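**Q** For this one, chain A is given, so just place chain B on it according to the hints.
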Amino acid sequence: MELQINGKSVQADADPDMPLLWVLRDVLNMTGTKFGCGIAACGACTVHIDGAAVRSCVLPVSAVAGKRIQTIEALGTADKPHALQLAWIAQQVPQCGYCQSGMLMAAAALLEAKPKPTDADIDEAMSNICRCGTYQRIRAAIKQAAGVQS
Amino acid sequence: MKRRTWLLSGAGAFGTLVVGWGVLPARSRLGAASLMAPSAGSVALNGWIKITADGGAVLAMARSEMGQGVHTALPMLVAEELDLPLERVSIEQAGADAIYGNVAALVGSLPFHPSDMEEGHKTTSVRLGEWIVGKVARELGLNMTGGSSSVSDAWEPLRLAAATARASLLAAAAAQWNVPVGEISVQSGILTHPLGKKSHYGEWAQAASSLQPARVQLKSRKDWKLLGTPAPRKDIPAKVNGTAQFGMDVRLPGMLYAAARMCPMLGGTAGMTSPAAALKMPGVERFVNLPSNAGSTPGFAVVAKTWWHARQAVQAVEVQWQQRLERALDSSQVETALTKEAQTGEGFAFYSIGDTEKAESGAAQKVESIYAAPYLIHATMEPMNCTARVGDGTVEVWVPTQVPGAAREVAAKVSGVPLDKVVVHVTLLGGGFGRRLEVDLVAQAVRVAMECGGKPVQLIWSREEDHTHDFYRPMHVAALHASLDAQGQLTSLRIQSAGDAITPRQLARTVPLLSGPVDLPDKTTAEGLFDLPYSIANQRMSHVATHMGVPVGFWRSVGHSHNAFFSESFIDELAIAAKADPLDFRRRLLKDAPRHLAVLELAAEKADWGRPLPAGRARGVALHESFGSVVAEVVEVSLEGTLPRVHRVVCAVDCGVVVNPAIVARQMESAIVFALTAALYGQAEIKEGVVAQSNFHNYQMVKLAQAPTVETYLVPSDRLPSGVGEPGVPPLAPAVSNALAALTGVRRKRLPLV
Numbered sequence: 001m002e003l004q005i006n007g008k009s010v011q012a013d014a015d016p017d018m019p020l021l022w023v024l025r026d027v028l029n030m031t032g033t034k035f036g037c038g039i040a041a042c043g044a045c046t047v048h049i050d051g052a053a054v055r056s057c058v059l060p061v062s063a064v065a066g067k068r069i070q071t072i073e074a075l076g077t078a079d080k081p082h083a084l085q086l087a088w089i090a091q092q093v094p095q096c097g098y099c100q101s102g103m104l105m106a107a108a109a110l111l112e113a114k115p116k117p118t119d120a121d122i123d124e125a126m127s128n129i130c131r132c133g134t135y136q137r138i139r140a141a142i143k144q145a146a147g148v149q150s
Numbered sequence: 001m002k003r004r005t006w007l008l009s010g011a012g013a014f015g016t017l018v019v020g021w022g023v024l025p026a027r028s029r030l031g032a033a034s035l036m037a038p039s040a041g042s043v044a045l046n047g048w049i050k051i052t053a054d055g056g057a058v059l060a061m062a063r064s065e066m067g068q069g070v071h072t073a074l075p076m077l078v079a080e081e082l083d084l085p086l087e088r089v090s091i092e093q094a095g096a097d098a099i100y101g102n103v104a105a106l107v108g109s110l111p112f113h114p115s116d117m118e119e120g121h122k123t124t125s126v127r128l129g130e131w132i133v134g135k136v137a138r139e140l141g142l143n144m145t146g147g148s149s150s151v152s153d154a155w156e157p158l159r160l161a162a163a164t165a166r167a168s169l170l171a172a173a174a175a176q177w178n179v180p181v182g183e184i185s186v187q188s189g190i191l192t193h194p195l196g197k198k199s200h201y202g203e204w205a206q207a208a209s210s211l212q213p214a215r216v217q218l219k220s221r222k223d224w225k226l227l228g229t230p231a232p233r234k235d236i237p238a239k240v241n242g243t244a245q246f247g248m249d250v251r252l253p254g255m256l257y258a259a260a261r262m263c264p265m266l267g268g269t270a271g272m273t274s275p276a277a278a279l280k281m282p283g284v285e286r287f288v289n290l291p292s293n294a295g296s297t298p299g300f301a302v303v304a305k306t307w308w309h310a311r312q313a314v315q316a317v318e319v320q321w322q323q324r325l326e327r328a329l330d331s332s333q334v335e336t337a338l339t340k341e342a343q344t345g346e347g348f349a350f351y352s353i354g355d356t357e358k359a360e361s362g363a364a365q366k367v368e369s370i371y372a373a374p375y376l377i378h379a380t381m382e383p384m385n386c387t388a389r390v391g392d393g394t395v396e397v398w399v400p401t402q403v404p405g406a407a408r409e410v411a412a413k414v415s416g417v418p419l420d421k422v423v424v425h426v427t428l429l430g431g432g433f434g435r436r437l438e439v440d441l442v443a444q445a446v447r448v449a450m451e452c453g454g455k456p457v458q459l460i461w462s463r464e465e466d467h468t469h470d471f472y473r474p475m476h477v478a479a480l481h482a483s484l485d486a487q488g489q490l491t492s493l494r495i496q497s498a499g500d501a502i503t504p505r506q507l508a509r510t511v512p513l514l515s516g517p518v519d520l521p522d523k524t525t526a527e528g529l530f531d532l533p534y535s536i537a538n539q540r541m542s543h544v545a546t547h548m549g550v551p552v553g554f555w556r557s558v559g560h561s562h563n564a565f566f567s568e569s570f571i572d573e574l575a576i577a578a579k580a581d582p583l584d585f586r587r588r589l590l591k592d593a594p595r596h597l598a599v600l601e602l603a604a605e606k607a608d609w610g611r612p613l614p615a616g617r618a619r620g621v622a623l624h625e626s627f628g629s630v631v632a633e634v635v636e637v638s639l640e641g642t643l644p645r646v647h648r649v650v651c652a653v654d655c656g657v658v659v660n661p662a663i664v665a666r667q668m669e670s671a672i673v674f675a676l677t678a679a680l681y682g683q684a685e686i687k688e689g690v691v692a693q694s695n696f697h698n699y700q701m702v703k704l705a706q707a708p709t710v711e712t713y714l715v716p717s718d719r720l721p722s723g724v725g726e727p728g729v730p731p732l733a734p735a736v737s738n739a740l741a742a743l744t745g746v747r748r749k750r751l752p753l754v
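So the protein sequences, as listed, match chains A and B. Position one of the first sequence corresponds to residue 1 (my numbering), numbered consecutively onward. Position one of the second sequence corresponds to residue 1 (my numbering), numbered consecutively onward.
Hint data in this document are derived by calculation from the structure and do not stem from the laboratory. Being a predicted model, the structure only gives us computed values, none of them experimental. It is possible that part of the hints are untrue.
[Stated by the list, open to error] The calculated label-pair distances, taken between Cβ atoms and stated as ranges, are:
# : chain 1 : residue 1 : chain 2 : residue 2 : range
1 : B       : Val133    : A       : Ala120    : 51 to 59 Å
2 : A       : Ala140    : B       : Ser210    : 50 to 58 Å
3 : B       : Glu87     : A       : Thr118    : 34 to 42 Å
4 : A       : Thr118    : B       : Pro716    : 50 to 58 Å
Just so it is clear, CB atoms sit at the ideal spot from N, CA and C, and this is done for glycine as well.
Excised from the complex, chain A in its bound form:
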């Protein structure tokens, strides 16, 4: 199966009904996208499909053939990090860090759709779970990256 991942065409030997998460992790060894719950409840597996935040643990890979898939590995580069990655470092957001790939991908999709999000926008878009409770730092980092007042 041919997939468009992070701007590249990738061949993946995968069953059509295999969720995208496991194709990324176990077939392509792209481990930045995380497994948390398997029922699209926690958001640790969030990726972008054609620019929108999608939970990949219940998404059959056949549904994304031909679509643009973006993962945390390509959110920014070492030379040119995403504004959110810089803000995440500035606000010292991550603790254990396990949920943060999904958080960043959800936040990046939010800023694509709403470059100047309100608190209500952030509340609505950021429905991922963080067991370390980094929520208030996430909010601050999104606002910093967006250049809106805290």
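**A** Using the frame of chain A, we list chain B on its own:
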């Protein structure tokens, strides 16, 4: 004993002490240079510190990073004493020697009353107990990340190791330059001498390795450059681009994946299993039975080319699960039994002073309450997993664990491979909270790997297996009785709690060496009840340790997690009974506890206690000491419909000397959200032996939209560093409940609140 005592008390918080190595006790934790793994160009100077060719340092890291910041805090101790920038101190996993064991955690488990433990006021029995346990702990070398003990345990040995390395490096430079050591200064790892000489540590490491400094002096606090600053965490850059490696991210050539399924009934077994259909499914390699080991529930695993294939197949195995022979576990029956035990059982008295019976008979007013807290799930974000390879007489394990030594022991035991042929690699932990003090996954993964012909295999539990096969925070119930005199003064407090003790069960399955034939009184059952800071003339605190059969384990803040809810809710009840402001009522009871009073006053001041709030909002306060630290929290709540909403939490903390205030603040924020989730929603209900809360859809979490604003304030302190990861948890539930009681007039005595 004298030597050790002298070292401990002499070194003190700020180490102006000069340590002469001639008097170092035999079981010093400095360690030999040979304990560190050799690497080209680097020279180890002791068991902790290696100097690299370019003049940086490598620290042997004996503690696991699970979000608490330890991979930053411990390098800070070393960077300070070596006068190196923090980024020049890297880490490598420590070996298995006893010097890497956690002495502070074991000493902290002693059931002494805090009033007997203040430095300078310790009784002989406290000193003796600490000495014996400390000695045993040093011999055992139990490498454990838990009990909020990493910094307090590392405080003396790591700074001494770094200062010793620095002294020998300077001695080597002084000898070569032929100048007095005292004339050499070090800044950012660069040694300079006024005669124009300049070099870095790397040039002196080889010469230093054969020197033993006669005198080593720790820096005075006034000379600290790094300690006490909000230095950025070293682990964060890798955690924003997907490169941080957790246990589940281990990838090895030829690696297979395994999914497990265990008997859904706790204490049950796997009966007849028919894997035939599963084995025919695509990508499947094999089926492996999983007997009970290290406390696990029996079941089986399927190995396949991806975890998704393994998971599909393991669900397709036909099995007739067997309920345990005794009556099936039921959490509501446990609660009934514990309620009876708390009221009528004969508990072990952890603390007794005065005469509560007499005080109660002469009371102007008596108050009685029963409080209860449910079983809780750890729910780490990274599901349970372990990767293992067994072959050629060796075992290699990659695991996100809080106990690498115990993991190694169980891997050896299960595989039959000698301990010295077992290697454990500790990855980053996607949350720990005490769940990763268990080694059940290691036993299972090694068992599966033994069947895989030398190929590595990564065993992953589904979220459902994780939630339904946890070692749960135990349910506890407490019966509390108090007497007030005619002036509203609290004259007696009598508490009896009931619930399973964690420590004896956990040691039996994880560190069998420390497990005895009889359960000793377990401090974790009574902590947060027997050790209250309040001056009350007559007190009796006892606990009835039960054996309900539900697997129980350490859960962030352990006994404090429920006992603070019991004690601090009840204190609020007593304030109301005394017609006193809850803050004033506590102040009056803290006349002999200035440290606690200062923390309470700071929280109250920052929270504007007493200033009227808008209609529909109320405040609540709670104060609690745990893991050596004192935390007060003031919360503001309202109701949205019938649901509580926590808007703001003001947190004041005294955790002794602060290594990194930014990490402390974030740990308080973390603990508060963690505790709020538990207070509002947390409950594992067991019916017919099965845990009902199987995933995040029915084990609800506080999310960003419900998260309160948290403000943290630190009380300046000269005390030795104490716990940070857990102490923010206990005060939250009672503070929220007290605020809701103030708002609604209804007192809730059972968690969760929603």
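**Q** Provide an ascending list of the numbers of those earlier hints which the structure does not satisfy.
**A** 4
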